Each structure stands twice: as structure tokens, then as C-alpha cells.
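A.B. asks: Residue-level listing of the chains:
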Amino acid sequence: MFQDLTDKLEVIVRTIRGQGKVTEANISGSLKEVRRVLLEADVNYKVAKHFIESVKERALGREVIKSITPGQQIIKIIYDELAGIMGKVDVPLDLSGSTPHVIMLTGLQGSGKTTLAGKLAAHLKNINRTVMLVAADIQRPAAVRQLQVVGETVGVSVFTDSDSNPVKICQSALNHAKRSGIDTIILDTAGRLHIDEPLMNELLEIKSNTNPREILFVADGMTGQDAVNTAKDFLQWIDFTGIVLTKMDGDARGGAALSIRMVTGKPIKYLSVGEKMDALEKFHPDRMASRILGMGDVLTLVEKAQQTVDQEKAAKLERKLRRQEFTFEDFYDQIQQIKNMGPLDQLMKMIPGLKSSMLKGMSFDDRSFSKIEAIINSMTAEERRRPGIINGSRRKRIAGGSGTTVQDVNQLLKQFQMMQKMMKNMNKGKLKGFLFN
Amino acid sequence: MKSMVGRLNFGLFKTRNNLVGKIVDVIKASPDIDDDVYDELEEILIEADVGVGTSSKLIENLKKKIDELGIRKSENIINFLKYAVKGLIESNSSREAAVRLFEFDVKPLVIMIVGVNGTGKTTSIGKLAYHYKKMNKKVLLSAADTFRAAASEQLEIWSDRAGVDVVRNQPGADPASVAYDSLQAAIKRDIDVLIVDTAGRLHTKVNLMEELKKIKRVLKKLDETSPHVTLLVLDATTGQNGLNQAKQFTQSIGVDGIILTKLDGTAKGGVILSINDELGVPVKFIGIGEQLDDLQPFDAQEFVEALFQ
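Top line first, the protein sequences correspond to chains A and B. Using numbering that gives the first Met the number 0, read the first sequence as starting at 0 and increasing by one per residue. Using numbering that gives the first Met the number 0, read the second sequence as starting at 0 and increasing by one per residue.
The hints are simulated quantities; they were obtained by calculation from the structure and are not laboratory data. For clarity, every value in this text was computed on a predicted model and none was experimentally measured. A hint or two may mislead.
[As the list claims (entries may be wrong)] DSS-like cross-link-like pairs, simulated, lysine-lysine; straight-line CA separation at most 30 Å: (1) A:Lys45 to B:Lys246; (2) B:Lys64 to A:Lys31; (3) A:Lys413 to B:Lys27; (4) B:Lys56 to B:Lys81; (5) B:Lys213 to A:Lys275; (6) B:Lys27 to A:Lys48; (7) A:Lys315 to A:Lys31; (8) A:Lys48 to B:Lys62; (9) B:Lys27 to B:Lys136; (10) B:Lys133 to A:Lys48; (11) B:Lys204 to A:Lys275; (12) A:Lys370 to B:Lys213; (13) B:Lys219 to B:Lys56; (14) A:Lys45 to B:Lys63; (15) B:Lys132 to B:Lys213; (16) A:Lys48 to B:Lys246; (17) B:Lys85 to A:Lys31; (18) A:Lys45 to B:Lys136.
[Stated by the list, open to error] Selected chain B positions facing chain A (Cβ under 10 Å, derived; list incomplete): (19) Val115; (20) Asn116; (21) Gly117; (22) His202; (23) Thr203; (24) Thr224; (25) Gly238; (26) Gln239; (27) Gln247; (28) Thr249; (29) Ser251; (30) Asp263; (31) Gly264; (32) Gly268.
[What the hints assert, rightly or not] Stretch-level coverage of chain B by chain A, calculated; a stretch enters the list once three of its residues show a Cβ under 8 Å from a Cβ in chain A: (33) 24–32; (34) 36–46; (35) 139–153.
Glycine residues also receive a C-beta, built at the ideal position from the N, C-alpha and C atoms.
Work the whole structure out from these sequences, hints included.
C.D. replies: Take a look at the structure:
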């Protein structure tokens, strides 16, 4: 996500750290570099300029004079500014007031509205709301069909209408929702250009007819300098209530997040991070700011771990580890728990100190686990508990059963042995951290 | 902090930037060329998504040229910059595979379309099919995006509009097998141009990039020389990540040319300059709307003029 930006800022901050005193000369050199980093990250050049100005202003002001450690002070200033631009708190969807609530999705073509509609529906369904998707995109070929498939996938009803007027479709969907006790409807509108007046007018009409609780501006996280123009125009036309950034599971630096937030002042509510229907994350501005500054997104990682790791199992495992009884069965359990936390490549990115450059060329796909799982699955219960008994002929059988090679099995056994050894050497304090509890 | 956002909103973003107006202002303010003029020009490039690296490179070269020629007045500087940009774009336009798009002697010509999600692959294919149809070519489409919901339906509607046939399979089918069947059908039906649609994928997803390689491998089983042209569809609103996209797709499967879409918005698509500079992949078509004929062969001169408007 913001990983590349983080990497570069880290280097710069390190340079400042190494110097005893903050002077106009050394800070402006560094800030020039920060500006470059921001521009490379697709932060709009005006936003970048402003950001640099305010950091400089504050760095050279009284805050630094007071400070004992100028390096830390600058990090704090950059962090504060970044967090400030992106908002302070995470703002949930506003689902107050009388139902049915209308959530309207808007944005350019291809920003990911329909996929987001499905994810939002799944999310709201999870918190026990009765959701209906509304196919209001009659512009793009097969968009209605796409929403129907998405609706099927997440188990939510989809409202379609043969009417050729999206305003009327949304209106009758709302009426239908009122009659049938549906409490949330999500309007999937057609993608449109912010300079297309008739179509922007249509959005405005949908808005005034359905009175949405939330109007979300869905923006591609890879957007460049133009993000400010699009966001500003959509804001002027329909005064949206929040922002969702999509495709954030790629390697885009996501400078658009800063730009859009800054020109609209609206909160970023979600990040869309994959093609699966649960790949939706709340936006945490503070975490994002720490991430930019190289502190890693530890909070998200911890939260994910807490959600998925079975506490009881973890405690049991810890006891086993202390007594050095770690078996393949336990190993298998661990893999399952890590898998539950989400795609591995995303988890890796959250670990502080792990730079994206270190991850380059490495595949952290969940499928890297499947070979290991297959091998373990092909072992007998006895073999899993006592790997020592796995001799040549057993290895051959396991390889055959799991569709792998004997070399694969050997490799896993070797790794497992090393792991057992490592655990023996590990002190109890470190062990706790290793298990995420 | 709210106040800071408000402050900025109030002051900085009142008017949309007009590049021509800005250049005129700069030249008025500094009739003699100085660093401010260069800085402003660089900012104009950056704002068009050209990227810091390529922008500074262009400006450095410009400086050298201006010094060499002993030019002192700002008035003509913009023409020199335009010339430099055009030169950069045109330096790669003659790549053999990309030229094949317009003059080809193979049958069927197999074009594979790739790109990240939401860039406009399927729409571009509809228009591309129409483009070849107008040239009296027999066109067949291959719905190898079996992943995204209703993708093949979308392609089918475009094929109807363009008046060409499409080969499709069940959702979730192996995309490589769809591509294989399509090429087989194309050969049997004496088709001139086969266009293969693939699912949108982020260039960072290793396994999805492997899938593209597999499609290519499978096509080669029927025709060793296919796919003859692989086109990357790039959204003009994309910023510097566009370069990463082009890099990764080029590395994984080889990209012969680019279709730059959504140029009917306000984004300039300047990232293609970096792509030209670093990777040498030329733009071959631009997308400028949602109608069948809204796909045009790329024209460097027009693009440069638009970049500075």
C-alpha cells in the first residue's frame, strides 16, 4: 500500500535523525526529498507543496526550539501533518435515523463500484441488517447481470427493473424496500465522468429522490494527479459523505488518498483490498500515517490476530511448546489460523521493518501453504505425532498421496526439525510473541 | 486539523488549472528564461502525471538544448518542450509487434488484451473488434475472463454491437482452455483477427500473472507465433503506478503496445511518457468514450498538444 512511500521517508528520517540539530538548510534539503517522494506517490503537487510548507513551518517554529531531540520532533511533525490531512478518527457508516437507509455508490468508470457494492452488502449482512442491492447501472453492458451474480455470491437480494431511467429504478427500489421491511439499500450507479453534466445531473436527481444516508465516492487507489479534479467535481455536484479507495491491495503508493481527502475534507471510510467479498477494511488514518512513516501497521495486524487466533488452542499450544511436544498436527493448526487472518502477502506488508523491497520477487500467496497442507494431510496420525518414524518408504507414500515429490517431503521434514530446534532454544518471553497472543 | 483541510480547500483548489494559461503567466512574469520558468514547466509535466523522474529528465534535456542554441527569451520554450516530448513518444513507435496491429500477414492475427481491474479491457475489445470489422476483417472474440461476474455477458453485448462472434465458456472455466478453444475455432472458421479478453488482475498478484503465461503457452500449442500482439490496457487517470503495471506485465508476459483509455476525462495520461522512456512500450490506441468508434489509433502530435492544454 503506502509501503514505497514509507521506505523512502524512512531513509530521509534516518538522515535527519543522524544530525544533531535541525537547521533551515538541512531540513529544506530533506523536505525537498519528501516532496519528491510524495509526488512519486501520486500525491497532487499542490497538496504536496502545502504539506511541505506546513511541515517546514512547524519544524522551524517553536516546537523544534523546545525540543531536545530534533529528529524525533520532525518525525512527529510529519506524522501529525499526515494524520491531520487524512482525518483523525475512523468514521463508520452513518446508519442512524429511520430505515430504510440508502447508501449510494458513485464514481468514475472502472473504479470498482459494483464489487464494492457486494462487499458492503456482505459486511452489512454480517451485522444483521437486511440488505438489498439496487442495479441502477443500465449504462455499462451486463452491469445488472454482474450485480446479480455478486448478490448471489453474498446472499443478498438484488433489485432490478426494466425501466430505462436510473432515477425511477432507485425510486421504485426504495418503495419496494419500504414495503418489504428491508432496512438498507445500496445503489450501484453507473460510472461516469465528472465533466459529463447530464449524467452528473442524473446523480443529483437520484440523490434528491432517495435521500441517501451515505453517498460514497469510490475512487481507484492508483489514481494520479487528476484525483483532485474528479473528487472536487463529484463533491460539488452531489456533496458525497465519504470516500472509499479501491484496489489498495496492489503496490500503488496511494497518494490519491491524501489528495482526495485534502480537497474534499470528507472522511475515507473503507479500503477495498482484493477481489474476494470480504476484502474490505476500515480506514484508520492514524494507522495509515504510522505506516507511511515506517512504523508498520501493527495495530491492524494485532487486531486481525485477535480475531482469528483461537485463544484456547494458543494456550494449549504454548504448553506443548514448552514441553517440546510440537507436532505436525499443531503445525497444521497454526497454518489454518494464519490463513484465517487473510491473504499472506497483505499480512507481510503490515509487519514493521519489513520493506517492500525485501518482499519483491517473493510470492506470499496462500497457495504456498497448500503444498505443506497436502503433505501433512497425507501423513498418518502416527506420523504427524512422531515425524521421526517417517522413513524412506513412508516419504515415498506421502509424496505420492499429496501429489508432491519426495524432495518436497524431505524439505518439509527438514524445516520442521529446524523449527522444533528453534523452539527449544526460544525463551518463554519470545514464545509469547511468536504465537500472537 | 479540520481547519487545515478547510484552509486548503478554501485557498488552493478554487479553479481548475489551465496549463496554457499558466505557461502564458510564467512567460509574462519571466520574459527571460530563468530557473522559475523551468520549475513551472516541470510542474506542468508533473501535473499531467508524467512523473518526477521523467519530468526532470525532459527539463534537463530542454535546458541543455536551450543553452546550446543560446536562446534567452521564454516565448519559444514551450515548443521546444513539446518537440522533446514528441520525440520521446515517437522513439518507440516502430516496434515490430506493435506495427503488426495495422499491417499483418498472419491469419488469424491473435491479439491478447491484459490489464489491471477496471481499466476498460472489455470495452476496448468491443471497439477494437469494430475497428477491424470496418477494415473488412473477420473478427472473433474470446471470453477468457471467466472470473469476474458477468464479464462474458458484457463481452457478448459488445460483440453484438460490433457485429462479430464470441467464443465463451462457463464462469469459472479455465481461461486458458477458453483461449485454446477460441483459437481453434478461429482457425477453423477462417478468422482474420482473434481478440482474447482476459480478467483484470493487479500486476502484483504472482499467481494471476502465471495464469496469463499459461494462456500464452496454450495458444502457442496451436500457433507457435501467437499471440502476435499483447496489448496492455492502461487507464489514463492512473498515476505513477501505471509504470509499475507496465513493468510487471512486460516482465511476465511481454507487452507490445498500450491502449490508453478514458482520455475523454480530465486526466492527461502522462505516465505513458515514463513508460516510453523506461520500457519503450508504445501507445497504439486511445479510448475516448463509450461508443463503438471511440477508439482511435494513437497520434503523438495530438497527444502532445492535449498534454499542454
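A.B. asks: Now tell me, hint by hint, if it's right for this structure.
C.D. replies: To see whether the hints hold, each was checked on the structure:
no. : hint                 : verdict
1   : A:Lys45 to B:Lys246  : holds (28 Å)
2   : B:Lys64 to A:Lys31   : holds (26 Å)
3   : A:Lys413 to B:Lys27  : violated (73 Å)
4   : B:Lys56 to B:Lys81   : holds (14 Å)
5   : B:Lys213 to A:Lys275 : holds (23 Å)
6   : B:Lys27 to A:Lys48   : holds (23 Å)
7   : A:Lys315 to A:Lys31  : violated (53 Å)
8   : A:Lys48 to B:Lys62   : holds (24 Å)
9   : B:Lys27 to B:Lys136  : violated (53 Å)
10  : B:Lys133 to A:Lys48  : violated (49 Å)
11  : B:Lys204 to A:Lys275 : holds (14 Å)
12  : A:Lys370 to B:Lys213 : holds (20 Å)
13  : B:Lys219 to B:Lys56  : violated (40 Å)
14  : A:Lys45 to B:Lys63   : holds (28 Å)
15  : B:Lys132 to B:Lys213 : holds (29 Å)
16  : A:Lys48 to B:Lys246  : holds (29 Å)
17  : B:Lys85 to A:Lys31   : holds (29 Å)
18  : A:Lys45 to B:Lys136  : violated (48 Å)
19  : Val115               : holds (7 Å)
20  : Asn116               : holds (6 Å)
21  : Gly117               : holds (3 Å)
22  : His202               : holds (7 Å)
23  : Thr203               : holds (5 Å)
24  : Thr224               : violated (30 Å)
25  : Gly238               : holds (3 Å)
26  : Gln239               : holds (5 Å)
27  : Gln247               : holds (9 Å)
28  : Thr249               : violated (15 Å)
29  : Ser251               : violated (12 Å)
30  : Asp263               : holds (7 Å)
31  : Gly264               : holds (5 Å)
32  : Gly268               : holds (9 Å)
33  : 24–32                : violated (count 0)
34  : 36–46                : holds (count 3)
35  : 139–153              : holds (count 7)
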